[in-house]
Amino acid sequence: MTRPISAYERPGHVNAEGELEALGLPIAEKFLLYAQKLISGRIDHLALQPFADYKGVPTYMASFGKALVFFAVQDAADEGISVTVMLALRRRPCVVDGVRWNGADFSLLRDEILMPRLQDYLP
Amino acid sequence: MKTPRMKVQRADRPRSPGGPEAKGRSDREKSLSGLLSRLDASRKSGLGAGLRAGEMIRRMRLCANLSQKQLGDAIGVAQARISELEAGLGKNGPSFAVLERIAAACGSQLAFLPTSSSPAGLRDLPALIRDERLMLSPIAPLDRETVARQALTGDTMLSSFGAIEIFGSGQLMVPLSGNPNAAGTEPRLVLEPVAITGDATDVRAWYAEHGIDEPQG
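Quick mapping for you: the protein sequence lines, in order, are chains A and B. So in the working numbering, the last one in the first sequence is 318, and the numbering has no gaps at all. So in the working numbering, the last one in the second sequence is 1180, and the numbering has no gaps at all.
Wrong hints could be hidden among the right ones.
[Stated by the list, open to error] So, partial list: chain B residues that the calculated Cβ filter (under 8 Å) puts toward chain A:
1) M969
2) R973
3) P977
4) E984
5) G987
6) R988
7) G997
8) A1041
9) S1046
10) V1061
11) R1064
12) A1066
If you are wondering where the hints come from, they were derived from the structure by calculation, not from laboratory data. In this text, a Cβ means the ideal position worked out from N, Cα and C, and glycines have one as well.
With these hints in hand, go ahead and build the complete structure from the sequences.
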């Protein structure tokens, strides 16, 4: 059963919950309140611009200044909407999943960091 | 320091729903219960409580094979309100009265046990497991030791068995009898929280440690 709000995890390697928390609890709280609105339908995710799309599942980017949260939204008729935090990081040069990101190249972020996570999560 | 404003780019025009979506792998997703607990502890926001209550409502509804609209009709609220409750909308969870109405509509019962900080609370679990009225799983029978072990390790969900679910927060859902997947017609006892603390992963050692006779059979 899919949880309404969850985080991507590859045990021993990736923990998106920890990434979100590392951005700070105030940001995590704001994001979760927003996710609640998506799940309840108060915000229609179809009105948002996807950052990526994999197998029909859109992934959106939320920004809080330099903090970024990428979240997939699954909309199943029988279980309603669920939100999965796929990636959370600060916009600055860093290494994520072994890939160096310069903090500016969003194509690289999408193709080499986010997409492999989506491919693992949505095989 | 003020938290920066959240921004999500809006589409130029609303998109229509796509075709069938891929489904996320459950072994690749993690509940946010740890983060929610820390949020609650640091900000006393109640956000985590609301979300956990929402998840509980959603599970009760799905176990009862009810749609949000059917559940809303049963308790006299709109489908949108059920959706909000399941999303844990706002910073406060639903009232106990609302939870009770939902539980009744789903053929469930709410019951509360002492927390693990109370020795008596710890003793309640094996007493329940010993209780002959608890038929743990007509689908894939679970022996009592397995159930107790899952309770002790605390983070395992056996939802595929439909017999007992141990949420990340330590909640247990124990069906009293019958097939819990059969249209939600059987009563269930929802217990919370039975958080078993410590690292006692061996159920026999745990029984011995607490001076409780190990259940037979």
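How the hints compare with the structure:
no. : hint  : verdict
1   : M969  : 5 Å, holds
2   : R973  : 6 Å, holds
3   : P977  : 5 Å, holds
4   : E984  : 4 Å, holds
5   : G987  : 5 Å, holds
6   : R988  : 6 Å, holds
7   : G997  : 7 Å, holds
8   : A1041 : 12 Å, violated
9   : S1046 : 5 Å, holds
10  : V1061 : 15 Å, violated
11  : R1064 : 19 Å, violated
12  : A1066 : 18 Å, violated
The structure is inconsistent with the numbered hints 8, 10, 11, 12, although it conforms to all the rest.
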